[in-house]
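Since the structure of chain A is provided, determine the placement of chain B on it from the hints.
What follows is the residue order along each chain.
Protein chains: 2
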Amino acid sequence: MNLSDTNINRGDRAVCVFSGGIDSTTLLYHLLDRGVETAAISFDYGQRHKKELEYAARTCAKLNVDHKIVDISSVQGLIGKNALTDPSVAVPAGHYEADTMKATVVPNRNMIFLAIGGGWAVAEKVDLLAVAVHSGDHAIYPDCRPEFIDAFGEALRAGNDHQVFVYAPFVNMSKGEIVTEGARLGVDFTQTWSCYEGAEKPCGVCGTCVERQEALDSLA
Amino acid sequence: MNLSDTNINRGDRAVCVFSGGIDSTTLLYHLLDRGVETAAISFDYGQRHKKELEYAARTCAKLNVDHKIVDISSVQGLIGKNALTDPSVAVPAGHYEADTMKATVVPNRNMIFLAIGGGWAVAEKVDLLAVAVHSGDHAIYPDCRPEFIDAFGEALRAGNDHQVFVYAPFVNMSKGEIVTEGARLGVDFTQTWSCYEGAEKPCGVCGTCVERQEALDSLA
Numbered sequence: 166m167n168l169s170d171t172n173i174n175r176g177d178r179a180v181c182v183f184s185g186g187i188d189s190t191t192l193l194y195h196l197l198d199r200g201v202e203t204a205a206i207s208f209d210y211g212q213r214h215k216k217e218l219e220y221a222a223r224t225c226a227k228l229n230v231d232h233k234i235v236d237i238s239s240v241q242g243l244i245g246k247n248a249l250t251d252p253s254v255a256v257p258a259g260h261y262e263a264d265t266m267k268a269t270v271v272p273n274r275n276m277i278f279l280a281i282g283g284g285w286a287v288a289e290k291v292d293l294l295a296v297a298v299h300s301g302d303h304a305i306y307p308d309c310r311p312e313f314i315d316a317f318g319e320a321l322r323a324g325n326d327h328q329v330f331v332y333a334p335f336v337n338m339s340k341g342e343i344v345t346e347g348a349r350l351g352v353d354f355t356q357t358w359s360c361y362e363g364a365e366k367p368c369g370v371c372g373t374c375v376e377r378q379e380a381l382d383s384l385a
Numbered sequence: 166m167n168l169s170d171t172n173i174n175r176g177d178r179a180v181c182v183f184s185g186g187i188d189s190t191t192l193l194y195h196l197l198d199r200g201v202e203t204a205a206i207s208f209d210y211g212q213r214h215k216k217e218l219e220y221a222a223r224t225c226a227k228l229n230v231d232h233k234i235v236d237i238s239s240v241q242g243l244i245g246k247n248a249l250t251d252p253s254v255a256v257p258a259g260h261y262e263a264d265t266m267k268a269t270v271v272p273n274r275n276m277i278f279l280a281i282g283g284g285w286a287v288a289e290k291v292d293l294l295a296v297a298v299h300s301g302d303h304a305i306y307p308d309c310r311p312e313f314i315d316a317f318g319e320a321l322r323a324g325n326d327h328q329v330f331v332y333a334p335f336v337n338m339s340k341g342e343i344v345t346e347g348a349r350l351g352v353d354f355t356q357t358w359s360c361y362e363g364a365e366k367p368c369g370v371c372g373t374c375v376e377r378q379e380a381l382d383s384l385a
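If you read the protein sequences in the order shown, they are chains A and B.
Just so you know, we're using the numbering used here here: the first sequence kicks off at 166 and counts up by one.
Just so you know, we're using the numbering used here here: the second sequence kicks off at 166 and counts up by one.
One thing to keep in mind: the hints can contain errors.
A pair holds if it fits inside one copy or across any two, identical chains being indistinguishable in the list.
To be verified - Simulated pairs of lysine-lysine, BS3-like, Cα-Cα distance not exceeding 25 angstroms:
#	residue 1	residue 2
1	Lys246	Lys227
2	Lys233	Lys290
3	Lys290	Lys267
Derived from the structure by calculation, the hints contain no laboratory data.
In isolation and in its complexed conformation, chain A is listed as follows (with noise of 0.2 angstroms):
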């Protein structure tokens, strides 16, 4: 069992888990309009778009959020055979839909990610861990599914006496759906960053581009 959106009340504590792209952007905006108490935490994964940090981390400064940015850069020899991560592995064009984007799939990020997000919501007795995922993500990427998150979250529950909620409100909309929400917020999607080449400029046509731009056209 999960949290909805309407079981969350002003004053709660939430840890969130920040990438500084679309999504968990605008869903930092909708945890302080609600009053949630948050902080982000963000990793380190040898990604090879580690300037999405830069963004998470001036996004966090302009809205006075505390925000923990977790090296765990050495799991990338383990998990880092992808074209996230290793350099060597060409990054595919297209859509999350299309089978060459397994490619851009990290095993188990997810679960990494809400694991140590939720050792430190532990640790801090708060209230939520909240994450992002969507369903534009579910074809692609299994650790986005809703079944995930649920037994996400009943792992983290079995696993320590102080209980954590997960807080996904997204995982049933579409990025469009998200993109409206964060345009309803006040998101400036000028600065938040999701090309997995990581360059100077986006490149316009790998996985995460594609869909951020047909995600942003549908706001017009």
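Only chain B this time, still in chain A's reference frame:
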């Protein structure tokens, strides 16, 4: 659903979470004895008894087991207000059942270890993720209880296309039963490290020293 001892087969492949202590060293011997091709993973999480990692490395070298030590010491700032990772918190003496022993709980530690070990297991497409939790740990460490191990296994499989099963054959055994199994398998207990203090010699009074000595005495 996790696997009991009867469900493993010669030729299976496993990743074993390995601290270098009595329990996980016995588990490593147990897996190799049953013909399971095993790699071991240890963690530097900022523990004051980092010495255990030297014991872990020596045992793996002796057994010709592939061994990774993963540096996640940056989590210490998040989950580190406890006796195992904060030198300003005294290591309590006595048995695990004692309430004072709660100072040695590191929030969500086993989930973090299992999440990273699970990522490696999925990346390498092995069959099993082995962990040496046992019944003596249940009173004080929620992340050593069967409910947690089962829930974690469900989450690991929900979050990944490749299905890995958690193998925790000692989960309902006492430490006395583990050392009996270890002795049968020829484990040299002098080549394992338990003490939470991590000084030159074991302190002899912390929880893990007391439990270790009682278990070894039960062999006599």
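How the hints compare with the structure:
no. : hint            : result
1   : Lys246 - Lys227 : neither (35 angstroms within a copy, 29 angstroms between copies)
2   : Lys233 - Lys290 : within (17 angstroms within a copy, 32 angstroms between copies)
3   : Lys290 - Lys267 : between (36 angstroms within a copy, 15 angstroms between copies)
Against the hints set out earlier in the document, a violation occurs for number 1 only.
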